[in-house]
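Residue numbers (numbering that gives the first Met the number 0), protein chains in the order written: chain A, 0 to 152; chain B, 0 to 152.
Hints listed in this document are in silico derivations from the structure and should not be mistaken for laboratory results.
The structure presented is a predicted model; accordingly, all values stated were derived computationally and were not measured.
Wrong hints could be hidden among the right ones.
[To be verified] Keeping only pairs whose Cα atoms sit at most 30 Å apart, straight-line, the calculated DSBU-like set for lysine-lysine is:
| hint | chain 1 | residue 1 | chain 2 | residue 2 |
| --- | --- | --- | --- | --- |
| 1 | B | Lys141 | A | Lys141 |
| 2 | B | Lys151 | A | Lys141 |
| 3 | B | Lys151 | A | Lys151 |
| 4 | B | Lys27 | B | Lys141 |
| 5 | B | Lys141 | A | Lys151 |
2 protein chains.
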Amino acid sequence: MAAMEGPFSFTPIGIVHSPFRALEDIPKERNADPRGFDDVEGTIAIDPAWAPALQDIDGFSHLIVLFVFHRSAGPRLYGHPPLETEPRGIFSTRSPHRPNPLGLTIVRLLGRRDNRLSVAGLDMLDGTPVLDIKPYTERDRKDGIRAGWMQKS
Amino acid sequence: MAAMEGPFSFTPIGIVHSPFRALEDIPKERNADPRGFDDVEGTIAIDPAWAPALQDIDGFSHLIVLFVFHRSAGPRLYGHPPLETEPRGIFSTRSPHRPNPLGLTIVRLLGRRDNRLSVAGLDMLDGTPVLDIKPYTERDRKDGIRAGWMQKS
Chain A
0 MAAMEGPFSF TPIGIVHSPF RALEDIPKER NADPRGFDDV EGTIAIDPAW APALQDIDGF
60 SHLIVLFVFH RSAGPRLYGH PPLETEPRGI FSTRSPHRPN PLGLTIVRLL GRRDNRLSVA
120 GLDMLDGTPV LDIKPYTERD RKDGIRAGWM QKS
Chain B
0 MAAMEGPFSF TPIGIVHSPF RALEDIPKER NADPRGFDDV EGTIAIDPAW APALQDIDGF
60 SHLIVLFVFH RSAGPRLYGH PPLETEPRGI FSTRSPHRPN PLGLTIVRLL GRRDNRLSVA
120 GLDMLDGTPV LDIKPYTERD RKDGIRAGWM QKS
């Protein structure tokens with residue numbers, strides 16, 4: 000493998016305000032349901048310095064939120080997903096205990112007031128540092144997906 | 000806004016081998032088509048130290064690749080998307096010139112040999128540093144999406 004650059008350093012551009020104050024507040028059962036977090040509402044507050052970069056975002060129904068799993072227990076090769084008995088390779092899971100503790104959640108945009116985005120579909124802890132916001136587009140909507148060990152039917 | 004932690008440092012776990020050696024090799028017209036990159040094949044080589052974490056990944060049809068826009072021209076508030084005349088708030092674009100130069104592409108997994116993933120749907124430059132691989136699941140497939148300024152119809 001060719002030599003890789005890095006490490007790369009990223010500074011949060013915002014913070015998540017969610018109803019989940021601690022890991023125990025996140026019901027594991029929600030994970031088993033693809034729509035399990037759809038009704039979880041909260042706010043993403045963007046650093047006022049970056050607020051102008053939110054221009055034009057209101058036209059999008061869904062946003063991709065990239066964040067730091069700031070309570071990650073550190074990198075693991077295998078994960079033990081909730082309600083699963085077998086360990087799984089960490090890259091086949093959405094576990095926070097990844098080589099790089101980066102998280103990704105697609106939320107529904109309910110509205111914006113200045114630098115504050117009201118959203119639904121949060122599965123992150125309150126206080127989660129946000130690194131990036133991207134528009135969710137037709138390109139991100141894939142057909143004919145097969146979801147490996149997660150596939151129940 | 001509450002104080003935020005950070006900065007956070009991430010080390011690449013792999014590298015993209017794509018047909019695009021330079022920015023000029025990426026046809027701008029492909030960006031206008033949601034399926035514009037579907038036929039672009041290449042390899043993601045994972046650091047052998049992390050190869051065991053690829054276990055179970057073969058069952059997934061699509062993978063989310065998080066990477067570094069390592070040729071980003073630095074953070075901008077506004078972007079000028081290809082074929083667009085108006086500037087757009089950078090968080091409403093997928094421009095590489097973001098506050099944190101993090102990229103996200105969903106690829107189709109064609110196969111795996113040890114630490115090498117054969118994939119289709121690449122839109123990254125050859126040599127792009129990869130930070131994370133996640134399985135694409137039903138939860139990431141959103142209905143009723145509205146794509147703001149990108150929506151042509």
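Evaluation of the provided hints:
Proposed proximity of Lys141/B and Lys141/A is supported: the alpha carbons are some 9 Å apart, at most 30 Å. With a C-alpha separation of about 19 Å, the suggested pairing of Lys151/B with Lys141/A holds against the 30 Å cut-off. With a CA separation close to 36 Å, the supplied pair Lys151/B and Lys151/A exceeds the 30 Å bound. Proposed proximity of Lys27/B and Lys141/B is supported: the alpha carbons are some 26 Å apart, at most 30 Å.
Proposed proximity of Lys141/B and Lys151/A is supported: the alpha carbons are some 19 Å apart, at most 30 Å.
Checked against the numbered hints given earlier, the structure breaks only hint 3 and satisfies all the rest.
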